[in-house]
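Asker: Using the sequences and the hints, build the whole thing.
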Amino acid sequence: MTTADGEFEGGDGRRWRFPTWRDITSHLWWPERAFERARASGKAEDDVRLRIFFVMALFAAGFVTLAIGATYAALFSGLNVGSVEYLKPKARADVVDRNGEILAMDLVHYGLYIHPKDVNDRAATRAALLTAVPGLSPTRLDNALNGPHPEYYVLGGLTPGLKARVHDLALPGIDFQEESGRAYPLGQTGAHVIGFAGKDGEGLAGAERALDAPIRNAAGKTTVPLSIDLRVQGAMQDELEKAALHFQVKDAVGMVINVRTGEILAMASYPAFDPNAVGKADPATMVNHAAQTVYEPGSVFKVFTLAMGLDTGSANVDTVFDVHSPIVLPGQTIHDYDKGDHALPLWEVFTHSSNIGAARLALRSGAANMDHYWRAFGLFAAAPSELAESAHPLYNRRLSENIVATMGFGHAISVSPLAIATGMSSILNGGLYRPLTLRKLEPGQAPAPGRRVIQESTSRTMLNLMRLNATNGTGRNALIPGYRVGGKTGTATKLVNGRYAGGKRNLASFAAIFPTDGPLDADRYYVLVMMDEPHEMPETGGFTTGGAVSAPIAGKIIARIAPFLGVRRVLTKGDEPIAGKNRDIIDHSILTATD
Amino acid sequence: MNPFAIFTRRVRGVRVLDLMAGAILLVLAVGSYAFKTMAEAQGAGAADVQAQIDKEGRRIRLLKAEISHLEAPARVESLATQYLGMAAPDVKHDITLADLPRIAATSEAPVPAKAATP
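Protein chains in written order, with the numbering used here: chain A, 8 to 602; chain B, 6 to 123.
Hints listed in this document are in silico derivations from the structure and should not be mistaken for laboratory results. A hint or two may mislead.
Between beta-carbon pairs, the in silico distance windows are [claimed, not checked]:
(1) 88(B) - 463(A): 49 to 55 Å
(2) 176(A) - 86(B): 39 to 45 Å
(3) 74(A) - 18(B): 28 to 34 Å
(4) 206(A) - 86(B): 31 to 37 Å
(5) 60(A) - 32(B): 18 to 24 Å
(6) 85(B) - 157(A): 27 to 33 Å
(7) 107(A) - 119(B): 53 to 59 Å
(8) 227(A) - 85(B): 32 to 38 Å
Simulated crosslink set (DSSO-like; lysine-lysine; CA at most 30 Å straight-line) [claimed, not checked]:
(9) 249(A) - 97(B)
(10) 249(A) - 69(B)
(11) 249(A) - 501(A)
For every residue, glycine included, the Cβ atom is placed at its ideal position computed from N, Cα and C.
Answerer: Below is the structure:
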């Protein structure tokens, strides 16, 4: 409501009006007239003093802030120069074995650059550099000295010592730039499992690729420990390579695994390469046959067949199988090596490595069970490993009678050694399937829970059967007294151009486990040796079978690595192998051992 | 004494307060300069030490790599075999103290040394 003097009245009865120019200027000058107001009130001096004090305080605070800032900048700026190498995106952490031994590390190297315009005497510079730097390409050096480029990269990877040697030559026009390089001090030892990284700092193979993110994230902070035990790796690889050279094999594989934890303690593939010189390596040597190659494994697969047959109740160790005559199936006839056998109990099917017996057990178990158990053992898929190289198996998805019988003794399916090792670990560790790992489990750390695939009782029986096969079966050549070794041989005739080659072109394998006694959840070590196409040698009597070629290698490996693994020698039943083939005096109690 | 007199007292025509402010300003400027110079010197020294630490760190890493290379199982084994004729011990040579009497029993009795002739 508007009143007569231009004011408005609000709903609450209060009056107000629009501000005039006088009102506005009065408010603006109000602070400036404080002194007048103070004088009017008789306290003019106090007001001035307060103003001066307030301004001084502001200036002092400004000065103190500036002084602190300047001091901080002077003291602490530019001091983190030395740490920037770890901030580079390509930096990677040191990779060590389970005992802290270095397997891979970043090392600062130097690149050698030439600025030709600054070079006074090109001939003298050329001669001095060629003398001081081994491996320097004369052509590249000439291109650098005589080319049009203002700066030319001549050579990388100079060690600090070599850089100092060139630097001491005091040659004008020579420059160095830091470059980080990945070094593998062990050379070929563990090359496939350690792998390598590219120049951009990205892991390209092996653990370097498998654990790329953890290795990058740990750069400059800590090391990344692998499950590998360098002592075990060294001994295993040494025995494998000596044997591979001796038998002139095409390729070879060796693995050592703790079946309780699933840790890979050693993994080797022959031929090996030097990860420090990947560019010069033959690509064929860089294949990790343990994970990347699939093989028709042969009779080592009978471990899976018997585990299936026992676990389903299709048979027990004393169930007798007729092996007198071959099994005739559409398109193939299944034979045994002629040992004069007629009827064999299941344990002897295993120790004689009877193809007929294993095929009959597979048929008795049935296709549905084979499908279930083979999947449970991980045989129908790539091994679930951190290794990116883990290969997919080759097999016929239609489990016909023919395929079931043939798979029963390790043919009609090709799987990687890593997949075989993962599956067999589950049979020998109490029945729990868990992926094998390259990561170290700290002491006291529980392994992955695992998935139950067979009963504990089946696992115990399989350990006993493996032990019996080493004391009295085809695996006798792997027997190392005191280490309670068990194992299974495998001799797979190779498929060449779609037909089994026959003759001596075999994949000779041995899958060992030790010690076979003790609680099911105890540490127990699995050793796999595979020799691809070994040549005949006099000491094997001309045989190229798993028992003749690979079992002795596994034995030598076990003898060397057992002390590292803390396995003590304890002489037990069957440690002195029975001479010849007198099977009448087999110690049957091995089959019923309970721990 | 009135503490606020400092705002009005003059010395040779200049207010004491102004003199004090000037002195403080001078002290702050000189102090900042000195502190900055000292800090720069300290910083340079610290950077030198840091550079030395980095250099030593790199040398240590290089030495670690060399040790790792020199102690590589394959290299040690090759040298031991080639120059010392050594081999991995046979497992049967691994015995315990309890085995000693058994081994001693199968060994030949020691032959007494001949008496020295004068």
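Asker: It remains to establish, for every hint, whether it holds in the given structure.
Answerer: Tested hints:
1. 88(B) - 463(A): 49 to 55 Å: holds, 51 Å
2. 176(A) - 86(B): 39 to 45 Å: At 41 Å between Cβs, range holds.
3. 74(A) - 18(B): 28 to 34 Å: holds, 31 Å
4. 206(A) - 86(B): 31 to 37 Å: Given about 36 Å between the Cβ atoms, the range holds.
5. 60(A) - 32(B): 18 to 24 Å: holds, 19 Å
6. 85(B) - 157(A): 27 to 33 Å: violated, 53 Å
7. 107(A) - 119(B): 53 to 59 Å: holds, 54 Å
8. 227(A) - 85(B): 32 to 38 Å: holds, 37 Å
9. 249(A) - 97(B): With a Cα-Cα distance of about 22 Å, the restraint between residue 249(A) and residue 97(B) holds, given a limit of 30 Å.
10. 249(A) - 69(B): holds, 28 Å
11. 249(A) - 501(A): holds, 23 Å
The structure does not agree with numbered hint 6 stated previously, though it agrees with all others.
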